[in-house]
Structures are given as structure tokens and as C-alpha cells.
Amino acid sequence: MQPSKLVQKYFREANLPTIWCPGCSHGITTKAIAQAIENLGLDKDNTVIVSGIGCSSRAPGYMAFNTVHTTHGRAIAFATGIKLSKPELNVIVITGDGDASAIGGNHLIHAARRNIDITVVVFNNNIYGMTGGQYSPTTPTGAFGTTAPYGNVDQPFDILKLAEGAGATYTARGTAYHTKQLISYITKAIDHKGFSIVDAISVCPTYYGRRNQAGTGVQMMVWLKDNFVEKTVYDKLPEDKRAGKFTYGEFHQEDRPEYTAEYQKLIEHVRGEQ
Amino acid sequence: MANKIALMQGNEACVQGALYAGYRFYAGYPITPSTEIAELSALELPKVGGKFIQMEDEIGGIAAAIGASIAGTKAMTATSGPGFSLKQENIGYAVMAQIPLVIVNVMRGGPSTGLPTQSAQADIMQAKWGSHGDYPMIALSPISVRETFDLTVRAFNLAEKYRTPVMLMTDEVIGHLRERVEIPVEGELEVFDRITAEAGKLRRRPYEKEPGEIVPAMSVFGDGNRTHTTGLFYNETGFPSNSTENAKIMLDRIFSKIYDHVDDIVQVEEYELADCEVAFVAFGSTSRVVKAAIKQLRADGIKAGLLRAITIWPSPEKQIRALAEQVDHIIVAEQNEGQYVREVQRIVEGRAKVYHIGRGNGEILTPPELIDLVKEVKHATK
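Residue numbers (this note's numbering), protein chains in the order written: chain C, 36 to 309; chain A, 25 to 406.
Hints listed in this document are in silico derivations from the structure and should not be mistaken for laboratory results. Each hint should be verified, as a subset may be incorrect.
Stated by the list, open to error - Straight-line distance between alpha carbons at most 25 Å, and here's what the computed PhoX-like set of lysine-lysine pairs gives:
1) C/K280 x C/K266
2) C/K79 x A/K225
3) A/K225 x C/K40
4) A/K327 x A/K377
5) A/K315 x A/K377
6) A/K225 x C/K44
7) A/K233 x A/K185
8) A/K377 x A/K342
9) A/K71 x C/K300
10) C/K223 x C/K40
11) A/K319 x A/K377
12) A/K272 x A/K185
Said to hold, decoys possible - Example chain C residues on the side facing chain A (calculated, C-beta under 8 Å, incomplete):
13) H104
14) R109
15) F113
16) G116
17) S120
18) K121
19) N141
20) H145
21) V305
22) R306
23) Q309
Every residue, glycine too, gets a C-beta built ideally from N, C-alpha and C.
Construct the entire structure; sequences and hints are all you get.
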């Protein structure tokens with residue numbers, strides 16, 4: 036079978052197949068990013084994809100851009116250095132729920148606060164997959180993990196609320212099932228001037244699925260289809276129909292001065308005075 | 025062109041040296057006693073079109089600096105004590121991914137928060153061994169404000185030449201010392217710029233060395249090479265490899281690029297060594313005290329001398345071994361409870377008696393105590 040034109044153009048075919056388990060949705064989200072880049076017609080040579088550590092963070096190795104696989108939690112900090120030193124580059128961060136909101140939470144909120152023009156795509160599968168299924172900051176209370184054998188006591192993060200509270204100027208949530216919308220959100224996020232984040236709800240049948248009797252990858256995708264409702268639709272639902280439902284959609288959008296542009300102004304101001 | 029004369033402190037000289045070397049990016053986090061390096065970088069970098077960013081923590085500081093360097097910009101971060109501990113993981117990343125970077129540690133007393141405003145030389149072993157795994161390190165230690173300038177330039181040169189992080193291990197005494205400095209004019213000191221891959225000329229195997237290269241040329245983001253950088257073991261393509269044979273090859277390269285060029289990297293100062301009978305080994309601010317003691321000892325007719333390690337890692341093995349052949353007594357003076365002395369003992373292998381003098385309580389050594397020790401050592405062997 037010939038790979039699609041999109042794969043031929045944006046992926047390092049020699050590195051395929053991926054390391055991801057059967058039923059994992061990371062391939063769908065990775066492809067959504069490539070499709071968003073295609074939609075925007077970004078120059079591959081001027082596009083950088085940075086990741087941290089975890090299953091999600093292996094994605095850049097398959098993608099034909101300037102790619103950097105960094106240390107656990109630090110992708111956004113590395114990306115900050117890349118973007119600030121060379122603002123002409125398009126910088127996209129691929130990260131997981133643990134990478135972005137646990138070990139890397141500090142970098143996430145401060146990059147949002149600065150409103151630096153980076154797009155973060157969180158491959159959010161509610162579990163640490165690479166290490167074998169420990170609970171993460173987005174694992175629901177009561178769900179099981181290898182480190183939550185009696186059910187998770189922690190309360191989960193809403194990553195988008197966290198990012199918005201910290202100052203992110205574009206936030207959206209998509210799912211691996213609702214790919215059309217996911218591609219559209221990632222496209223808008225990359226196109227947005229400022230710090231943007233897309234919470235890409237993903238499925239991990241191997242570790243989350245098995246521990247929580249959530250079924251196969253396909254069954255977990257059906258669950259996404261049945262339980263995620265577009266935000267504006269959800270808002271119109273009567274109270275009783277909202278119970279147990281989750282939302283996808285665009286949550287926040289605003290214009291605020293972007294960090295690297297402001298720094299450039301500072302340079303021009305300082306040099307003008309010399 | 026005449027040299028400009030300035031009165032400046034060590035931390036200032038570090039920033040002036042970095043500017044001389046062409047750094048255009050600084051990321052860090054405030055910490056005593058290195059903060060002036062951040063403050064002055066914030067002031068000076070925009071004037072030359074460079075960028076300064078105060079990150080949210082020490083880890084972010086080094087991560088952003090490595091990011092800028094990967095993208096093609098000469099970058100530096102500076103810290104002290106606790107911050108140096110926090111940076112360790114990403115120091116290992118820069119070693120593994122072969123990213124040039126200058127890390128300044130203005131040493132203070134520890135462990136933990138320790139003595140933030142007192143000087144120490146107690147991170148010497150951490151500089152070499154602080155990150156996990158096996159790796160070599162280049163670390164330099166200046167004796168004066170002017171040498172802080174020169175060694176900062178040299179740290180950038182070595183980082184770029186060998187594609188590796190380089191540490192400038194200064195201390196609170198040198199960092200805050202003010203001295204008269206003749207600022208080098210353009211062209212006076214060597215400035216080495218990284219060798220970059222030809223724009224758009226895709227190397228199929230970006231980590232394959234081409235003839236005449238010490239390390240493979242680096243791609244610059246935007247040049248069309250679109251390389252992959254990772255902290256996993258990678259093969260010559262730059263992509264991860266789990267092969268133990270490949271890991272051996274890559275680890276050998278990371279080591280040999282340093283150890284095959286020790287003569288280029290290692291610098292020492294030989295002070296009154298020619299006829300010396302009792303020798304000191306010291307580095308950084310402590311070597312100033314040692315020199316004062318040697319002057320007094322010589323006035324008293326005792327032939328003392330100093331081998332000063334300007335490059336502390338890799339250690340000057342050849343020079344220390346030669347010293348052990350020459351003298352019976354080697355005193356390692358350092359401001360800690362006994363660190364570099366272990367390296368000296370390892371190299372000397374019993375060919376001379378090795379003593380340690382030092383302390384980690386922030387109190388600097390004084391010439392009288394060094395003089396007393398030399399006399400004691402000499403007396404004991406009579």
C-alpha cells in the first residue's frame with residue numbers, strides 16, 4: 036500500500052512504523068498536526084517540532100521537520116529558547132498529559148503567561164503509557180492505574196482551564212474520534228499569534244483501557260464519540276442530559292501582545308537610543 | 025588600537041567575555057552569587073540584538089539556552105549552588121545531544137542552601153560527575169577578573185569546537201572581586217564559531233563525521249537540513265537506536281572527542297615549579313592564596329611552587345604525573361572538605377605524598393596556614 040501524499044510529504048517514512056501499540060490514537064493526532072501544517076502551507080524548513088518524554092513525545096522522530104526530542108517536562112522551555120532566539124520559526128510542541136501538566140507544569144503556565152507564540156498539542160490519554168500505566172494529573176478520580184491499584188484519590192486537572200488561567204490566548208479541546216474538528220483547532224492554534232494549546236483527548240487501550248475495563252481501542256473511540264459533546268451544543272443541553280458528558284470545542288480566544296514581538300520592540304527601542 | 029581599561033568584577037567580566045565570544049542568548053534564574061551575570065546580560069544583550077530571558081526556574085534556564093543553541097545561537101546560562109544541582113539533567117542532555125553551551129557556576133557554600141553569600145569550591149566533583157551516566161566534561165576555573173573574561177571566551181570556543189557543554193567554574197570570591205582589567209581588543213583573542221552544515225545540502229547521516237571534522241558539522245534551524253535531536257542514544261542518522269553496539273560507538277565518540285584533544289583543552293599555570301620541592305595543586309581563587317604563601321616561603325628559603333589547573337576537567341593528568349616525579353610532597357589546596365585531592369591521588373598513584381588543606385565552611389584559606397603546613401610536611405620528612 037502506498038502511503039498517502041500527506042505521509043510522503045511530512046513524515047520520515049524510513050522511521051515508520053511507529054513504536055505505538057495497536058489501538059493507540061497517537062498516530063491520529065500526529066497526522067492531524069501534519070494536516071494542519073498542510074492547511075496552513077507552512078515551510079517545513081522553518082518549522083520546528085519539540086517534544087518531551089513519553090509515548091506522545093516520540094512523534095517528532097517520525098515527522099520531516101526540524102525536530103527536538105528533549106527531557107521529561109522541558110519541551111516548552113526548550114521551545115521557548117528556540118522561538119525567542121529565532122522568532123521567524125514556527126514552533127510546535129508535542130507533549131503528553133504527564134509531561135505537560137505534572138513534571139512540566141511550571142513551563143506550561145509561564146509560557147502561557149508570556150504569551151509566546153508557541154502551539155502546544157497535548158496528547159492527553161489520562162495515563163503514563165511509556166512507564167506502564169501510572170496515574171497522571173488528568174486521570175479521573177476513582178480510575179485505576181498501576182500506582183492507583185485501589186482507584187485514584189487525586190483530583191484531575193482541566194489543562195485548558197489551567198492554561199487559560201495562566202494567560203494562554205487560544206485554547207481548544209479535540210478528540211481522536213472527532214478528527215475534523217481536531218485538525219481545525221490545531222490549524223487555528225498554529226495560525227494564532229500567541230500561546231495556543233490544544234488538548235487532544237487520546238486513548239490508551241493498553242494501559243488505561245485494560246486497567247479500567249474500557250475495552251479495545253475501537254471501543255474507547257466509540258466511547259469518545261458517545262461521551263464528548265461540542266461545547267456550544269453542550270451549553271444548550273438540559274441539565275439531566277449533561278450528566279457524564281465531556282466537551283470539546285474552542286474555549287478561549289483573545290488578542291494580547293506576543294512575547295517575541297514585544298522583545299523585538301524592546302531591542303529596537305534600546306538600539307534606537309544608542 | 026589601545027586596550028580599554030576598566031574596573032570590573034568577575035561576574036561582569038564573564039558577560040563581557042561572552043559578548044566578545046559572540047553570545048546572543050542568555051536564559052537563567054536569579055541566584056546568589058551569580059545574579060550579576062543575568063542582570064548584565066539583560067542590560068547588554070538587547071544592545072547587540074541578542075535575547076535575554078529570565079525563566080521560571082533553573083531547569084527552564086538551561087533548557088531554553090540549549091534550545092537556542094540547537095537553533096543556531098551561541099548561548100549561556102549561569103547559576104550557583106542549588107541551581108547547579110537543578111541543571112544537572114539537562115547538562116547530560118547537552119552532552120548526549122552534542123549541543124554547545126556555556127554553563128557558569130559561581131560557587132558558594134553548600135550542601136543545600138548552605139552559605140549563599142560565602143565562597144566555596146565544593147562543586148568540583150559535581151561538575152564532572154553531577155549528571156547521571158558516563159560522560160566527559162570540560163570545566164575551566166579562573167584566578168582573576170581578567171582571566172574570567174578570557175576563560176569565558178575560551179569556554180565558548182571549546183563548546184563550539186567540540187559540540188559539548190563547557191563549564192566555567194568560578195566562585196564567589198572571583199565573581200565579586202573588582203580588579204583593573206585591560207579589555208582585549210577585537211582580534212586579540214581567538215573566537216571560534218561553530219562549523220555548520222552547508223545550507224540545504226542534506227546530509228543523509230548528520231552525525232557522520234566528514235574528513236577533517238573533529239565533530240560533525242551542525243545544522244542550523246531553517247537551513248533545510250531538518251535534523252532530529254534527541255537525548256536517547258542515536259545512530260549516525262540522529263534517530264534513536266537501542267543497539268548496544270551502536271551505544272558503544274556513540275559513547276566512544278563522546279569521550280574520544282574530548283580525550284583525544286586533551287592537549288588542546290588542558291591549560292595549566294606553572295608557578296615557581298622549576299626548582300620546587302613542595303608543590304601545591306590548586307585552582308581558582310585559592311591559587312591566589314597559594315601564590316602569596318609561596319612568596320613568603322621562598323623568602324624563608326623554602327622552595328615551594330604551584331601547579332594551577334586552569335582546566336580542571338579533564339584534569340591535567342600529564343602535568344600532575346610529571347610533578348609527582350619531581351617532588352615528594354603535593355598539597356592540594358581547595359575550598360572544600362577534600363574533592364580534587366582525590367583526583368590528584370588517583371593520578372599520582374603513590375609516587376608522591378598527597379595532602380589536602382581546605383574547608384567547606386565558607387572561610388577562605390589564609391597564607392599562614394598554608395605556610396605552616398608546608399613547614400610541617402618538610403619537618404616530618406627530615
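Going back to the hint list, which numbers does this structure go against? none
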